[in-house]
Amino acid sequence: MKKYLFALFIGLGSLLLAAQAHAQVIVIANPGVKTSEVSKNDLKDVFTGSSTSLGGGSVVPILLKAGAAHEAFLQAYIGKNDTAYRAGWRSLVFSGQASMPKSLDSDAAVVEFVAHNAGAIGYISKATPHEGVKVLAVH
Amino acid sequence: MRLVVRGLMAGAMLTALTLSICLHAQDFKVGSKTVQVHGFGTQGFIHTNDNNWLTMNTSNIGSGAFTDAGLNMGMQINSKLRIGGQVYSRKLGALGDWHPQLDWALADYKVKPWLGFRGGKVKTILGLYTDTQDMDFANTFALLPQSVYPIDLRDAMIAHVGGDIYGKQKLPHKLGSIAYDAYGGRRSDSMSSGYPTELKSAIAAYLTFYGGPVYGGDLRWNTPVKNLKLGMSRQNEQISAAGTYQGAPYAERSRHDWTNQYYGQYSANRWHAESEYRRYYRDQIASSNTPGAFDVIQDIRGWYVGGGYTVNKWFEAGSYFSHYRDTFGGTLVHVIPPYKDAATKNVDKVVTAKFTLNRFTTVKVEGHFMDGAPNEFYPAGFYAAENPKGFADNTNALVVRAGFSF
Numbered sequence: 001m002k003k004y005l006f007a008l009f010i011g012l013g014s015l016l017l018a019a020q021a022h023a024q025v026i027v028i029a030n031p032g033v034k035t036s037e038v039s040k041n042d043l044k045d046v047f048t049g050s051s052t053s054l055g056g057g058s059v060v061p062i063l064l065k066a067g068a069a070h071e072a073f074l075q076a077y078i079g080k081n082d083t084a085y086r087a088g089w090r091s092l093v094f095s096g097q098a099s100m101p102k103s104l105d106s107d108a109a110v111v112e113f114v115a116h117n118a119g120a121i122g123y124i125s126k127a128t129p130h131e132g133v134k135v136l137a138v139h
Numbered sequence: 001m002r003l004v005v006r007g008l009m010a011g012a013m014l015t016a017l018t019l020s021i022c023l024h025a026q027d028f029k030v031g032s033k034t035v036q037v038h039g040f041g042t043q044g045f046i047h048t049n050d051n052n053w054l055t056m057n058t059s060n061i062g063s064g065a066f067t068d069a070g071l072n073m074g075m076q077i078n079s080k081l082r083i084g085g086q087v088y089s090r091k092l093g094a095l096g097d098w099h100p101q102l103d104w105a106l107a108d109y110k111v112k113p114w115l116g117f118r119g120g121k122v123k124t125i126l127g128l129y130t131d132t133q134d135m136d137f138a139n140t141f142a143l144l145p146q147s148v149y150p151i152d153l154r155d156a157m158i159a160h161v162g163g164d165i166y167g168k169q170k171l172p173h174k175l176g177s178i179a180y181d182a183y184g185g186r187r188s189d190s191m192s193s194g195y196p197t198e199l200k201s202a203i204a205a206y207l208t209f210y211g212g213p214v215y216g217g218d219l220r221w222n223t224p225v226k227n228l229k230l231g232m233s234r235q236n237e238q239i240s241a242a243g244t245y246q247g248a249p250y251a252e253r254s255r256h257d258w259t260n261q262y263y264g265q266y267s268a269n270r271w272h273a274e275s276e277y278r279r280y281y282r283d284q285i286a287s288s289n290t291p292g293a294f295d296v297i298q299d300i301r302g303w304y305v306g307g308g309y310t311v312n313k314w315f316e317a318g319s320y321f322s323h324y325r326d327t328f329g330g331t332l333v334h335v336i337p338p339y340k341d342a343a344t345k346n347v348d349k350v351v352t353a354k355f356t357l358n359r360f361t362t363v364k365v366e367g368h369f370m371d372g373a374p375n376e377f378y379p380a381g382f383y384a385a386e387n388p389k390g391f392a393d394n395t396n397a398l399v400v401r402a403g404f405s406f
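Order-wise, the sequence lines are chains D and Y.
Its first residue numbered 1, the first sequence is counted upward by one per residue in my numbering.
Its first residue numbered 1, the second sequence is counted upward by one per residue in my numbering.
Only chain D is shown next, with the shape it has when bound in the complex (with noise of 0.2 Å):
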């Protein structure tokens, strides 16, 4: 009994967690990309390379560099630590099959950039201001 009741525990710890960490960071795109909706999947696709495109337009990710919204986002929707990611994105680098996505250094250099970059899909911590990009509600 006690060992269900840790496994629960564990269980619910870890939903209050990702649940935790949807809720710190948004994701952004440049007005022009052609969809305001985006599930998990899709998102994760695009953020690990696997995939180019939203609603049928061409997208490009930008990543943060470091920071809280960047570990949030890994936890919610990638599932892997920041080396682990990385060394995904150098796989696909060292094998020809992408290039790196540009990184920066902070939310609003990600706003700035993806604003005026079509195709630009990047995350933030939901506090940051964010004019001028719309925000993809994630499913």
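Derived from the structure by calculation, the hints contain no laboratory data.
Be careful, since some hints might not be right.
[Said to hold, decoys possible] Mimicking EDC-like on lysine to aspartate or glutamate, the simulated pairs with C-alpha atoms at most 16 Å apart in a straight line are: (1) Lys65/D / Asp105/D; (2) Lys126/D / Asp82/D; (3) Lys340/Y / Asp371/Y; (4) Lys44/D / Asp82/D; (5) Lys200/Y / Asp97/Y; (6) Lys170/Y / Asp42/D; (7) Lys102/D / Asp27/Y; (8) Lys389/Y / Asp50/Y; (9) Lys313/Y / Asp82/D; (10) Lys134/D / Asp105/D; (11) Lys174/Y / Asp42/D; (12) Lys44/D / Glu71/D; (13) Lys313/Y / Glu71/D; (14) Lys200/Y / Glu386/Y; (15) Lys349/Y / Asp371/Y; (16) Lys226/Y / Asp42/D; (17) Lys340/Y / Glu376/Y; (18) Lys65/D / Asp82/D.
[Stated by the list, open to error] Some chain D residues judged to face chain Y by a derived CB distance under 8 Å, without partners named: (19) Thr52; (20) Ser58; (21) Arg90; (22) Ser95; (23) His116; (24) Gly119.
Every residue, glycine too, gets a C-beta built ideally from N, C-alpha and C.
Dock chain Y against chain D, hints included.
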């Protein structure tokens, strides 16, 4: 021995850390376009209790002749077109010998998610890891299962000069998605690769060319079960070899040469598990340019089951069980005495500890416990030149490998 291993590990870690601090991805501009520069490298050390392995003298204090490096440049021309190339060099005992190779150089035009084209020298997709086998930083293991990814025969399937058609398509009814890659071209092995080296040491045949047309494809299904991938690959080859034997011209050519590979991979939370089966059927005419031509058939079947657990961001533990069996046939089977069982198989039980020191640097410590030392007509890690007194049936190996990438 312990002191040597500790010293080597400390040296490897220090070197890898220093390099990772000094080296970061570099970008520069050509006109308005950004050129990305990336690189990777590893330094390994192997000690075996018996048998010299992978053309190194591993059985005394061990060997550190296990180094490789790659340097890569790429440019995204527009949202559909990308160009790039990579130079690769390695030293693995008697193999590689630091001859730099053009690892790949290609133009990639992606029309739609379901349709793209790559042309040039392109990495061959065959199973889970053929195209990414050099990327030590991304793999759990210091040595991938040698039954399916023999490091001494890296050249054999790593790339082709030609073209690929590839794409990915979602399936209806939430059945996941399918990714495909179909290719055709030519393969050309380095003369310091495993097979030419074995011919040189075993029968004093000196090859000047080994390669030929290859074509094949890969189909992988990202199933509706989250993080479960299943796939299969096929490759056909028409290999020819040219060189000299005892001063006279020597040649080989394929009759039937094909590979089938089936694989599955699953990950959940901190776990990942994968399994692959590869069958390589090789039917070649040796001395094909002479009246004494003879048929050599190798039916090589390898498989493994493995996995890993990421304990925290610094440490991952992994293990695999790898099984290799080579069945020999052809004209000579009636002439030469049959090989003993241990000379046709390799069963390798492996445990690994992978330490991720930072975003750029990894160190792995790995134990191999092998039963069998295959040494028939086709190389499989154990070479006669480095084992002149013959082969012991069992080999234990300690592998330490430090790597960086940027």
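Taking the hints in turn, this is what the structure says about them:
{"no.": "1", "hint": "Lys65/D / Asp105/D", "result": "holds (6 Å)"}
{"no.": "2", "hint": "Lys126/D / Asp82/D", "result": "violated (20 Å)"}
{"no.": "3", "hint": "Lys340/Y / Asp371/Y", "result": "holds (13 Å)"}
{"no.": "4", "hint": "Lys44/D / Asp82/D", "result": "holds (14 Å)"}
{"no.": "5", "hint": "Lys200/Y / Asp97/Y", "result": "holds (15 Å)"}
{"no.": "6", "hint": "Lys170/Y / Asp42/D", "result": "holds (10 Å)"}
{"no.": "7", "hint": "Lys102/D / Asp27/Y", "result": "holds (10 Å)"}
{"no.": "8", "hint": "Lys389/Y / Asp50/Y", "result": "holds (11 Å)"}
{"no.": "9", "hint": "Lys313/Y / Asp82/D", "result": "holds (9 Å)"}
{"no.": "10", "hint": "Lys134/D / Asp105/D", "result": "violated (20 Å)"}
{"no.": "11", "hint": "Lys174/Y / Asp42/D", "result": "holds (13 Å)"}
{"no.": "12", "hint": "Lys44/D / Glu71/D", "result": "holds (14 Å)"}
{"no.": "13", "hint": "Lys313/Y / Glu71/D", "result": "holds (12 Å)"}
{"no.": "14", "hint": "Lys200/Y / Glu386/Y", "result": "holds (13 Å)"}
{"no.": "15", "hint": "Lys349/Y / Asp371/Y", "result": "holds (9 Å)"}
{"no.": "16", "hint": "Lys226/Y / Asp42/D", "result": "holds (13 Å)"}
{"no.": "17", "hint": "Lys340/Y / Glu376/Y", "result": "holds (10 Å)"}
{"no.": "18", "hint": "Lys65/D / Asp82/D", "result": "holds (9 Å)"}
{"no.": "19", "hint": "Thr52", "result": "holds (7 Å)"}
{"no.": "20", "hint": "Ser58", "result": "holds (4 Å)"}
{"no.": "21", "hint": "Arg90", "result": "holds (5 Å)"}
{"no.": "22", "hint": "Ser95", "result": "holds (4 Å)"}
{"no.": "23", "hint": "His116", "result": "violated (14 Å)"}
{"no.": "24", "hint": "Gly119", "result": "holds (6 Å)"}
This entry does not satisfy hints 2, 10 and 23, going by the numbered hints stated previously.
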